[in-house]
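Those protein sequences? They're chains A and B, same order as listed.
7 is the number of the first residue of the first sequence in this note's numbering; add one for each residue after it.
7 is the number of the first residue of the second sequence in this note's numbering; add one for each residue after it.
I should point out that these hints are in silico values taken from the structure, not numbers from a laboratory.
None of these values were measured; they are calculated from a predicted model.
It is possible that some hints are incorrect.
Each computed DSS-like pair below joins lysine-lysine, with the alpha-carbon atoms no more than 27 angstroms apart [as the list claims (entries may be wrong)]:
#	chain 1	residue 1	chain 2	residue 2
1	B	Lys71	B	Lys101
2	A	Lys88	A	Lys47
3	B	Lys47	A	Lys47
4	B	Lys71	B	Lys99
5	A	Lys47	B	Lys148
6	A	Lys71	A	Lys101
7	B	Lys71	A	Lys47
8	B	Lys47	A	Lys71
9	A	Lys148	B	Lys47
10	B	Lys71	B	Lys88
11	B	Lys148	A	Lys148
12	B	Lys99	B	Lys88
13	B	Lys148	B	Lys71
Protein chains: 2
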Amino acid sequence: MNKNQALVWDHPRFRSWIAVARACQLMQTVLTRELSELDIKPPHLDILVNLYRFEGISQQELARKLLVGRSNMSMTLPQMEKRGLVERRGDTKDKRVLRLFLTEEGRAVAEEAMAIQTGLIERTLSSTPIEQCHAMAESMEKIILALHAEMADETESA
Amino acid sequence: MNKNQALVWDHPRFRSWIAVARACQLMQTVLTRELSELDIKPPHLDILVNLYRFEGISQQELARKLLVGRSNMSMTLPQMEKRGLVERRGDTKDKRVLRLFLTEEGRAVAEEAMAIQTGLIERTLSSTPIEQCHAMAESMEKIILALHAEMADETESA
DNA sequence: ACTTTATTGTTCAATATTGAACATTATTGG
DNA sequence: CCAATAATGTTCAATATTGAACAATAAAGT
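Kindly produce the complete structure, drawing on both the sequences and the hints.
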C-alpha cells in the first residue's frame, strides 16, 4: 500500500503545507517560551492585541476574531480581569453584551508582548526577502478565503 | 501610544506572518471537522502519519517529531491502542523503549485520514500556483531552521 | 401586547496538554 | 564490579479548550 503513501508525499502542495504548519507550530512553541517572562501565553497575547486594536469589542466578536468558542472567552477573560489586564463593562443599550477594554497595565503588557512577538518574527523571517514575504501573505489570504468557504459549506450542509 | 501600534502593524513581515498563522489555525479548524467522521482529531492524524512513515519508532522519537512532551504520548497512545489503531511492543535490546506500529485498522484509518487532509489542502491551495507553493515551502524551511536556532539558544542559556 | 425566535454570555462535564516528580533500565567513569 | 549519570516512559496536578445545555435579554412575527 505504498502506492498511496507515495502519492501523498509526492503531492507538492501537501509537502508545502506541512512545512507551513510545522513553522507555525514551532513559532508558537518559541513564542510561548519568550512570553513566559510576562506571565502570559499566546492566547492572552491574541486577546490583548485585539483589545488594543478594537477597544470596546464584545466577547462574542472577540471569540469570532480569534476563532475560538464563546465559552473560551467566558473562562479566560475573568482570569485576565482578576490579573488587572482587562476590564469588562456592560453595554448600556444591550444588557446582554459585555464590552472589553484594556487597563493601564493591560496596555503596557500588550505593548511589551507585541514587541517580543515582533522581534521574534523579525529575527526568524529576516532571511526571507520582503517581496517573498508579501507573496506569501497574498497566498495565505487566498487560502484563508478558501478555508472560510469550506467552513461555510460545512455549516450550511449541517 | 499609537506610535507603537502603528509600528507593529506597519511591519510588513509581522503582517505577513499573522496571515500565515491565521491560515494555519483555520486549516486546523476545518481539518478537525472533516476528520470527525473518522472519529479522530489532528493530533491522532499526526501520530498515524508518522507511524505510517516511520514504523517501529519509539515514543520519545515520536514526541520529538511532533513537538510535544513525552507525557502527551504516554496519555494519547494507550487510548489509540485501546481503539485498535496502534500497537506498542517493547524493544528487545532496550527494555526502556516501546516501539510503535500501526495495526491493520490503524493503517486503513491513516490512509483515509491522509486522503481527507490531502483533499482539503488540494482544494484550498489550488488557487496558489505550484511555483509559489515551492517558494513558500522554501521560505518556511528557512524559518524552521531559524526557529530551531532560537530554541537551542533558549535551552543552552537555561 | 404577546409569543416565538435569536443573540449573548455562563456553566459544566469531557478531553487535551503540559511540566515536574518518579520508577525502571542503560550507560559511563572509576 | 559499583556508583553516578542519563534516558525512557508513566503518573499526577494544573491549566486550556470545547460543545451542549442553560439563563437573560433583544428582536421579529403575529
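Quiz item: For this structure, which hints from the list above don't hold up?
Solution: none
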